[in-house]
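Student: Sequence:
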Amino acid sequence: MNILDKVTAKAEYPIKVMQFGEGNFLRAFVDYMIDIANEKGVFDGSIAIVKPISFGSLDMFKEQNNLYTVLLRGKENGEVINSSRIITSVSKTLDCAEDYDEYMALAKLSTLRFIVSNTTEAGIVLDENDSFEGLPSTYPGKLTKFLYERYVAFNGTKDKGLIILPVELIEENGKKLRECVFALSDIWNLPADFKNWLNDSTVFCSTLVDRIVTGYPRGYADKVCEELGYEDKLVDIGEPFALWVIESEKDISDELPLDKIGLPVVFTDNHKPYKERKVRVLNGAHTSSVLAGYLYGLDIVRDCMSDETMGRFIRQVVMDEIVPQVNLPLDEVKDFANSVFERFENPFIDHALLSISLNSVSKWRARVLPSFKDYCKNNGKLPKLITFSFAALLAFYSSNDLREDGLYAKRGNGDEYVIHDDKAVLEFFAENCGKADLVKKACQNLDFWGEDMSLYAGFVDAVSLWYSKLMTNAADAVKEVLN
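All residue numbers for the sequence shown refer to my numbering, where the first residue is 1 and numbers rise by one.
Just so you know, these hints were derived from the structure itself, not from any lab. The structure displayed is predicted, hence computed values, not measured ones. Note that the Cβ used here is the ideal one computed from N, Cα and C, for glycine as well. Careful, some of the hints might be misleading.
Quick list of simulated restraints, FRET-style, between CB atoms [stated by the list, open to error]:
hint	residue 1	residue 2	range
1	Q444	K423	17 to 23 Å
2	L135	R85	46 to 52 Å
3	S362	L4	46 to 52 Å
4	D476	K423	29 to 35 Å
5	N77	D101	44 to 50 Å
6	A221	A11	47 to 53 Å
7	L4	D101	23 to 29 Å
8	S57	Q444	50 to 56 Å
9	D251	R403	53 to 59 Å
10	K175	P257	38 to 44 Å
Pairs of lysine-lysine, BS3-like flavour, derived with a Cα cap of 27 Å [said to hold, decoys possible]:
hint	residue 1	residue 2
11	K260	K10
12	K440	K381
13	K410	K435
14	K479	K469
15	K195	K160
16	K6	K108
17	K160	K278
18	K176	K278
19	K381	K469
20	K272	K334
21	K384	K410
22	K260	K384
23	K250	K233
24	K175	K278
Using the sequences and the hints given, assemble the complete structure.
Tutor: Set out below in structure tokens:
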């Protein structure tokens, strides 16, 4: 049996959403939410997926009538979740190059209202040499030409503007995309009335998205399909947790009423506090703990959570030193932190500590340093566990064995590991490891932290103490810092 046998009648909805990108994340996030909204009767619209690049194939979508299964696996509210849903919200898939005419015809659909994209962080870039003729090469180019086609098709009618929802993981993604579109409009000498129409009728939203999506279960797909009871070549696996924060100057919540049916969507005029919460709490929890956890002797995030000592370390550094510094209601941030702990405990995902350790210096600066500074300002003293995490970073990076593919080091049990970071970072540690002034030099490295960390009273001494203990016996050091 295949998925076509499971869905004998697929509801027909007008196309309201055009989606740039057929990847795993959008299918298990946006398309999943739209599918629920259709079921609840609050959206009544379908999605046209546009493949924006030549790489990849849409053959499996065609074979399965654009049907696929989303599996959500993890922990939520203390319970293990393992749920499945066949997604029926996608009505059309096409390649914007091979199916160019069909793609541009979407611009003339009166029902079209939203454009969603996930073209990777490199997708939203301005290429001044991009061409208006034929199919532009960049995503902003494709979008600009598509919007111009719509402007012409409807003679600049104001109510035919679109709502643009990029989910690419870049700062101010909607604002950046808007800047690219307007810049290309100037470069291509498009009419001033078109730019006025863009300004008045098109809404560019900046968004923040959060859900871990592991995608197709390579290596165990047969087992998954056996559990489902049918074959699905597009099955998509993610975690239960999700968050979509949408910032716009115009309130669009009535047109996209996902929040009204209990979906984790927040409409706001300022998404930055939510981004700060995610970066500080979720990413900060990782960065402040995984290096200590690895030196302690553990390998995956879930094992850190289940270990009595490391689990206590993670919860304390988050709840005591990070959460109180986030500029949102305390109870709301605590609830988010508790959801993060459940995500870390996900029994279906083996999240390796070494994979998170990549570029830890820049990560510590972006994810942990802001909480460190706010804690010092708000409490008049150093945050003990965050300070310890800084020492753990130095201990993790301590090695002279620099090779072409990274800095090789060993933890206490003799396991060899490879540190990956910028060349200048690796060279600094290779040159200074074993020197008496390593800690002081590291604290004073402006290129690493953007400031001289030695100026925080007692910081160098505290880091030196914990660094020495970590280098002697990391497991004992983690236990001691909690006392």
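Student: Next, verify each hint and record whether it holds.
Tutor: These are the hints, each one checked on the structure:
The hinted range of 17 to 23 Å is satisfied by Q444 and K423, whose Cβ atoms lie roughly 20 Å apart. Between L135 and R85 the C-beta distance comes to about 34 Å, which lies outside the given range of 46 to 52 Å. In this structure, S362 and L4 meet the distance hint of 46 to 52 Å, their C-beta atoms being roughly 47 Å apart. Checked against the hint of 29 to 35 Å, the pair D476 and K423 passes, with Cβ atoms roughly 33 Å apart.
N77 and D101 have their C-beta atoms about 49 Å apart, which keeps the hinted 44 to 50 Å range intact. The hint said 47 to 53 Å for the Cβ distance between A221 and A11, and at roughly 28 Å that hint is violated. About 28 Å separates the C-beta atoms of L4 and D101, a value consistent with the hinted range of 23 to 29 Å. At about 53 Å, the CB distance of S57 to Q444 agrees with the hint of 50 to 56 Å.
Here the CB-CB span from D251 to R403 is close to 55 Å, well matched to the stated 53 to 59 Å. At roughly 24 Å, the beta carbons of K175 and P257 sit outside the given window of 38 to 44 Å. Taken as a hint, the K260 and K10 pair is honoured in the structure, with Cα atoms around 24 Å apart against an allowance of 27 Å. Between K440 and K381 the CA atoms are separated by roughly 19 Å; this keeps the pair inside 27 Å, and the hint holds.
For the hint pairing K410 with K435, the CA-to-CA distance comes to about 18 Å; that is within 27 Å, so the pair holds. Of the supplied pair hints, the one linking K479 and K469 holds, its CA atoms being roughly 11 Å apart against a limit of 27 Å. Pair hint K195 plus K160 holds up; C-alpha atoms about 14 Å apart against a cutoff of 27 Å. Using a Cα cut-off of 27 Å, the hinted pair K6 and K108 is violated, with the two alpha carbons roughly 33 Å apart.
Annotation: proposed proximity of K160 to K278 is violated, straight-line Cα distance about 35 Å (limit 27 Å). For the hint pairing K176 with K278, the CA-to-CA distance comes to about 21 Å; that is within 27 Å, so the pair holds. A distance of roughly 21 Å separates the Cα atoms of K381 and K469; the hinted pair therefore holds under the 27 Å criterion. A distance of roughly 18 Å separates the Cα atoms of K272 and K334; the hinted pair therefore holds under the 27 Å criterion.
Straight-line distance between C-alpha atoms of K384 and K410 comes to about 26 Å, which keeps the hinted pair within the 27 Å bound. Proximity of K260 to K384 is assessed by CA-CA distance (about 42 Å); at most 27 Å being required, the pair is judged violated. Of the supplied pair hints, the one linking K250 and K233 is violated, its CA atoms being roughly 40 Å apart against a limit of 27 Å. The suggested pairing of K175 with K278 holds, with an alpha-carbon distance near 20 Å, which does not exceed 27 Å.
Against the hints set out earlier in the document, violations occur for numbers 2, 6, 10, 16, 17, 22 and 23.
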